[in-house]
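A.B. asks: This is what each chain is made of:
Number of protein chains: 2
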Amino acid sequence: MRVAIVGLGLIGGSLAKDLRAKGICQEIHGVDSSQENSDKALELGLVDNVATLEDASSNCDLIILCTPVNAVVTLLPQILDNISEDQTVTDVGSTKLEIIESVKDHPNRGQYIPAHPMSGTEFSGPEAAQLDLFKNKVTVICDPDDCWKAHLDRVCDIFKALGMKITHMNASEHDLNAAYVSHLSHISSFVLASTVLDKEKKVTEIFNLAGAGFESTVRLAKSSPDMWAPIFEHNNQYIVEALASYIDHLKIFHLALTTKNYDLTKALMSQSNEIKRVLENMDKNGGSNE
Amino acid sequence: MRVAIVGLGLIGGSLAKDLRAKGICQEIHGVDSSQENSDKALELGLVDNVATLEDASSNCDLIILCTPVNAVVTLLPQILDNISEDQTVTDVGSTKLEIIESVKDHPNRGQYIPAHPMSGTEFSGPEAAQLDLFKNKVTVICDPDDCWKAHLDRVCDIFKALGMKITHMNASEHDLNAAYVSHLSHISSFVLASTVLDKEKKVTEIFNLAGAGFESTVRLAKSSPDMWAPIFEHNNQYIVEALASYIDHLKIFHLALTTKNYDLTKALMSQSNEIKRVLENMDKNGGSNE
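Residue numbers (my numbering), protein chains in the order written: chain A, 13 to 302; chain B, 13 to 302.
Simulated from the structure, these hints should not be mistaken for lab results. Mixed in with the good hints, there may be bad ones.
Heads up, the list lumps identical chains together, so a pair's fine if it works in one copy or across two of them.
With a straight-line Cα cutoff of 30 Å, these simulated DSSO-like cross-link-like pairs (lysine-lysine) come out [said to hold, decoys possible]: (1) Lys288 with Lys213; (2) Lys288 with Lys172; (3) Lys288 with Lys263; (4) Lys278 with Lys52; (5) Lys52 with Lys296; (6) Lys213 with Lys296; (7) Lys29 with Lys296; (8) Lys263 with Lys213; (9) Lys147 with Lys161; (10) Lys263 with Lys214; (11) Lys116 with Lys278; (12) Lys263 with Lys278; (13) Lys116 with Lys272; (14) Lys213 with Lys278; (15) Lys172 with Lys52.
Please read all numbers here as calculations on a predicted model, not as lab measurements.
Extracted from the complex, chain A is given alone in its bound form:
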């Protein structure tokens, strides 16, 4: 199989490594708007060559879009305009509704498989690519009934070959869930980092006590703004709702503290402890990774 990977960052690069290591494809053509990323991906041997989107996609059986989600919305209709009936397109974006909406009336819509492999790290760029990033993780395929079977099977078979479990969801359900369990985590982390960084301007030694607990909660604050701003744009409505709910919950905690109602803080924490059930289940099932 010949595969075009569009967007040679962490996910695109990691897919390239796995596809090659598992012998799933013979040729990998890379596309990236950044010359630096393209050069690096070639140098690292992630791809066999770099090409224009037109050249890469005309030559390949499968085109995987690994760009930020705003670029997916721009590129996907163009790709569907030009592909032949035995070519398949998929993407790995963290949002699904707006991407699907952009091609909903396209005659080749069935050749596009909307996917979200729940795997990643806080790092970005081709150097961050790693083998087995997807192993034992979950890929969400959205609205599979709108995909043509041969193309759906091709994409599912590949994700399964990378060690992933496939789950189905409608796009709206996906975007709502992602807002709460992925996008909100990123905002809580970005903002926790900036809150303490702002305090550092006055209390220069503030980070002297920072440890593993802090590191864990701000890890995601290292994530790429170029990738995340478009996600916030696509999934605006659900993220606004999730963030408003988070702020409301924080205000209750703040009120408990200002009124020195420590029984309430204890009760609130006991409720939060219920997350053990979720995390234990994730550990049991391998969990996803993003």
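Knowing the structure of chain A, use the given hints to seat chain B on it.
C.D. replies: Just chain B now, with coordinates in the frame of chain A:
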């Protein structure tokens, strides 16, 4: 050396393991208000015996208080009332101001060394004890000028023998720093967990997409309410300030989202990315672990 460990949870149990493994003490006497914890600590061989506070502390060279911080405030004056001049007391509490205040006029104040080993996990109880929990981490010693030298040296030598670096801070500075880089992280995590758990009541499958990013940001939400409520009480003023600042920063992010000002979200995230400097430094220095 004979040591009394008061509070046989994660930290007390881990100290016991290390003190024994490194041959620092010949006898470890355990004290815990919970019969279950006492039995478990004996069964696990963490301590040689369990005793009353009176018996354990009268027999030992060093008494280490590893209870929640409210219990430290209750027990510390009683212990100082009864110790002889060659006995030393220390604690491992996450707050320092209120504990030090509770014995500031005590004639034996100099025998108490206020410490905060920055190490821990989200687990609790004697079963959670682990070897080398303190290795390469930092211990903060507060207000060392108020400690008598022989006692200060004794405690510092022990923490160093466990592989820890010693840093000094005044108690107020410690509590402020801890509010921002430790206590606030815990609140952000507790509340993130409860926000999504509340949503789960309506959207039962919400956690289907939860992955490593979510796990990282809610890990601390598993922490013990019995330990944390007293910390929130002791460090109320600084934590209220830190949490209010976090909520203010979140509101700015929320406003950027509701006004669809994605340039602003990008700028805010770029500022947050500066946390890379802090985390890289922590990695370089071994970092602390709480």
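A.B. asks: Each hint should be assessed against the structure and marked as holding or not.
C.D. replies: Evaluated hints:
1. Lys288 with Lys213: Intra 36 Å, inter 16 Å, cutoff 30 Å: inter-copy only.
2. Lys288 with Lys172: Intra 28 Å, inter 34 Å, cutoff 30 Å: intra-copy only.
3. Lys288 with Lys263: both (23 Å within a copy, 28 Å between copies)
4. Lys278 with Lys52: between (51 Å within a copy, 25 Å between copies)
5. Lys52 with Lys296: between (37 Å within a copy, 26 Å between copies)
6. Lys213 with Lys296: between (43 Å within a copy, 22 Å between copies)
7. Lys29 with Lys296: both (27 Å within a copy, 29 Å between copies)
8. Lys263 with Lys213: both (25 Å within a copy, 20 Å between copies)
9. Lys147 with Lys161: Close inside one copy (24 Å), not across copies (55 Å); limit 30 Å.
10. Lys263 with Lys214: Intra 25 Å, inter 21 Å, cutoff 30 Å: intra and inter.
11. Lys116 with Lys278: Result: close only across copies, 29 Å inter versus 49 Å intra.
12. Lys263 with Lys278: Both. Shortest intra-copy (15 Å) and inter-copy (25 Å) distances satisfy the 30 Å Cα cut-off.
13. Lys116 with Lys272: between (54 Å within a copy, 24 Å between copies)
14. Lys213 with Lys278: For Lys213 and Lys278, the Cα distance is within 30 Å only across copies (21 Å; inside one copy 32 Å).
15. Lys172 with Lys52: Close inside one copy (28 Å), not across copies (45 Å); limit 30 Å.
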